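Peer 1: Single-letter residue listing:
4 protein chains.
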Amino acid sequence: MTSAIVLGGSRGIGKAISDALKSIEIDVFAASKKDIDTSDLNSVRKFLENHNQTDILVLNTGGPVPKPFATITEDDWKLYHNQLFLGFVTILQNIKINDGGYIFLISSSVIKEPNAKLIISSAYRAAFAEIFKVLSKEYAQKNISCINIAPGPINTDRTQELIENVQEFEKSLPMKRLGEPQEIGNFVKAIIENKIKYLSGVTINFDGANSNYIF
Amino acid sequence: MTSAIVLGGSRGIGKAISDALKSIEIDVFAASKKDIDTSDLNSVRKFLENHNQTDILVLNTGGPVPKPFATITEDDWKLYHNQLFLGFVTILQNIKINDGGYIFLISSSVIKEPNAKLIISSAYRAAFAEIFKVLSKEYAQKNISCINIAPGPINTDRTQELIENVQEFEKSLPMKRLGEPQEIGNFVKAIIENKIKYLSGVTINFDGANSNYIF
Amino acid sequence: MTSAIVLGGSRGIGKAISDALKSIEIDVFAASKKDIDTSDLNSVRKFLENHNQTDILVLNTGGPVPKPFATITEDDWKLYHNQLFLGFVTILQNIKINDGGYIFLISSSVIKEPNAKLIISSAYRAAFAEIFKVLSKEYAQKNISCINIAPGPINTDRTQELIENVQEFEKSLPMKRLGEPQEIGNFVKAIIENKIKYLSGVTINFDGANSNYIF
Amino acid sequence: MTSAIVLGGSRGIGKAISDALKSIEIDVFAASKKDIDTSDLNSVRKFLENHNQTDILVLNTGGPVPKPFATITEDDWKLYHNQLFLGFVTILQNIKINDGGYIFLISSSVIKEPNAKLIISSAYRAAFAEIFKVLSKEYAQKNISCINIAPGPINTDRTQELIENVQEFEKSLPMKRLGEPQEIGNFVKAIIENKIKYLSGVTINFDGANSNYIF
Chain A
4 MTSAIVLGGS RGIGKAISDA LKSIEIDVFA ASKKDIDTSD LNSVRKFLEN
54 HNQTDILVLN TGGPVPKPFA TITEDDWKLY HNQLFLGFVT ILQNIKINDG
104 GYIFLISSSV IKEPNAKLII SSAYRAAFAE IFKVLSKEYA QKNISCINIA
154 PGPINTDRTQ ELIENVQEFE KSLPMKRLGE PQEIGNFVKA IIENKIKYLS
204 GVTINFDGAN SNYIF
Chain B
4 MTSAIVLGGS RGIGKAISDA LKSIEIDVFA ASKKDIDTSD LNSVRKFLEN
54 HNQTDILVLN TGGPVPKPFA TITEDDWKLY HNQLFLGFVT ILQNIKINDG
104 GYIFLISSSV IKEPNAKLII SSAYRAAFAE IFKVLSKEYA QKNISCINIA
154 PGPINTDRTQ ELIENVQEFE KSLPMKRLGE PQEIGNFVKA IIENKIKYLS
204 GVTINFDGAN SNYIF
Chain C
4 MTSAIVLGGS RGIGKAISDA LKSIEIDVFA ASKKDIDTSD LNSVRKFLEN
54 HNQTDILVLN TGGPVPKPFA TITEDDWKLY HNQLFLGFVT ILQNIKINDG
104 GYIFLISSSV IKEPNAKLII SSAYRAAFAE IFKVLSKEYA QKNISCINIA
154 PGPINTDRTQ ELIENVQEFE KSLPMKRLGE PQEIGNFVKA IIENKIKYLS
204 GVTINFDGAN SNYIF
Chain D
4 MTSAIVLGGS RGIGKAISDA LKSIEIDVFA ASKKDIDTSD LNSVRKFLEN
54 HNQTDILVLN TGGPVPKPFA TITEDDWKLY HNQLFLGFVT ILQNIKINDG
104 GYIFLISSSV IKEPNAKLII SSAYRAAFAE IFKVLSKEYA QKNISCINIA
154 PGPINTDRTQ ELIENVQEFE KSLPMKRLGE PQEIGNFVKA IIENKIKYLS
204 GVTINFDGAN SNYIF
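Note that the protein sequences, when read in sequence, are chains A, B, C and D. Quick note: the first sequence uses the working numbering, first residue 4, plus one each step. Quick note: the second sequence uses the working numbering, first residue 4, plus one each step. Quick note: the third sequence uses the working numbering, first residue 4, plus one each step. Quick note: the fourth sequence uses the working numbering, first residue 4, plus one each step.
Any given hint could turn out to be false.
Just so you know, same-sequence chains aren't split out, so a pair can sit in one copy or run between any two.
To be verified - EDC-like, lysine to aspartate or glutamate: derived pairs with alpha carbons at most 16 Å apart:
#, residue 1, residue 2
1, K99, D58
2, K81, D43
3, K145, E173
4, K70, E164
5, K120, E141
6, K198, E183
7, K145, D58
8, K70, E141
9, K179, E141
10, K179, D102
11, K174, E141
12, K81, D40
13, K198, D102
Calculated from the structure, these hints are not laboratory results. In this text the structure is predicted, and so the values were computed from the model without any measurement.
Bound-form chain A, shown alone (with noise of 0.2 Å):
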């Protein structure tokens, strides 16, 4: 039975991508906060000694807390570098993705479109968008497909709070909602259902069209 571990499993989008693969008789592994904190090193070497193969890995957490940058403190930059670069080069270096696998990374729309409201995520986010690509290069040679999926506006409680009025920000938005969870979820699993390979070392905006650059 093919196996699967998703970081951040529990809530948001990763429950969301947990959830679709169970439909598909996938034996997931929704792994939230407790069972692994990917902003500490120590949480994530502990929880990589049970969980060191799977045929599905999908790297996904919370972003940080908005911040101005004056503001941002040397402590803040290295949880949060833990949190979303660190913790998740740890688990590559020491799991073992079965041949034929994915790799999933849920990271942003920020990457492409930094903002100064999530300056910590863009930063660090776009440093394993580089490792995630360089990776895949590798991790092709065992037909291991890797694909960096890069959300916009989802409606996850993050968004409820990072947005104070959320029903007037919809109305700025393109398609004049935002995403579902749910979109992601089956997005995720309708790739590896069709088994498509190929979609590999791409970073795919999802976004409802709201990206104002032209890739």
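Starting from the known structure of chain A, arrange chains B, C and D on it as the hints suggest.
Peer 2: Here is chains B, C and D on its own, set in the frame of chain A:
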């Protein structure tokens, strides 16, 4: 019943998309060059008389014969300006995509990483990608998703013609193989089947980790 | 004496480049629309009869009147296909750039962040940017540098026409002002004056920090 | 008198920039690793005690030794996180750039086209590029221009170390040579000398037409 028009639907990627959509009970019109020749605007206009609306539209057409820049004539430019750009523009100006529909553009990885051999294709496909991006925001208001798929080396007759020694070429690719048209066909099918709508205004490299640009 | 041909050299950015180059003793031919109309290939060919070589070439031309996509006619497309693309192509196919020379393309920030108002310009300028990128590698062999400058909002007659309330618009810009044509003129001059050659195959946003895309 | 601080100013590109700025009567502090070691935040903070304002700041630092991903240790990541990212962040959080000033970031072409050999550099330089882009909009309000120069293969000691057979490598480059540090030095000088301010929020490939990505 959901309807689809697939241009260049009789061979290669277009045929794979047609076949995949037929498998989920979509009423597909797989247009061949006899039905519509996008390099001939009269042919395009005639086609539109009989095909003036659809739920799903797949904009897909073959590329030009490779020619060194210095030898490309005014007639060549104008022919492929029609085939790769103005034909598609004319279609979008005159066809009604039903609310909640999809438009897929099959472009090419050369729009991001152009090359001398495919310079005509690089130019006009990039031009149309700009149109498609701009329009994605308008179509979003009617819940129509616009998805630009940019294939890398795919196992089609055309690739067999373009590449001298395909077997040797495959060894140079990260996945050690060309992509299969069916992977793109299934990808398109999967998006529609799963009613994924928030994926819009996006260019998706479909190249088996072959491209080098970070995004 | 070093020679330069500046298209659209009688006004706006083109004039500013001409003036800057004249200030460093370059023999500048500042071509006006009377000398060469890039929307008319016969005019282009005639110009090339008398101007078939140069040390420095500045490809620069005005953009189209803004028109909504639905109302753009076949004639419009073909006119601007000539003006923004095929005219430049014809020039590069027929002019000799002397070894160690420069080609500057004045494009637009809309090639990276297209918009509905300037959709024609977005498309054809992007198309030519692809040609220019490909050719930069060939020109490099003769030590000719190809530099694509992509201006954002610059204080020209055209901007004054395009923007309804310029003063209000300026307040929305990061620098609270339009760019001055002289800044681009001096930039071009400075590169030549300092014999900077390794800057080639590059697209340089010139937009006062206005664009949002990371690169 | 205009003042400048150039990090890594004692060798390679940093030295070339220092020398170029000195040639136009700028009061340059060419900081060597003895003055400030960006990999050591205490060293950074100490430096800032004595250098808390400037007109021109050049953020420049050497890159890591190439190491395969699998062998990079937690300590390596943290060291280069400081050197390539957090050191620069700390500087920008604590130094005053005088109104009308300039900040230059010397990054690398690997931020757009990452590679396995320079994976650490690709990641952290990309991360800082995001910070720099976001801040360019804030600095713009004080007429401070932020310019990210992304060099390709430049003729420095480091390149000589990284590349096994430099002569052979040069033949593979479009210009058949490495770039010279002086070209970047003169470029920086030229921008300042000509008071070009509207060039901001931009990443400028400086790679002799070597990159393949369209922008």
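Peer 1: Among the hints numbered above, which are violated by the structure, and what are their numbers in rising order?
Peer 2: none
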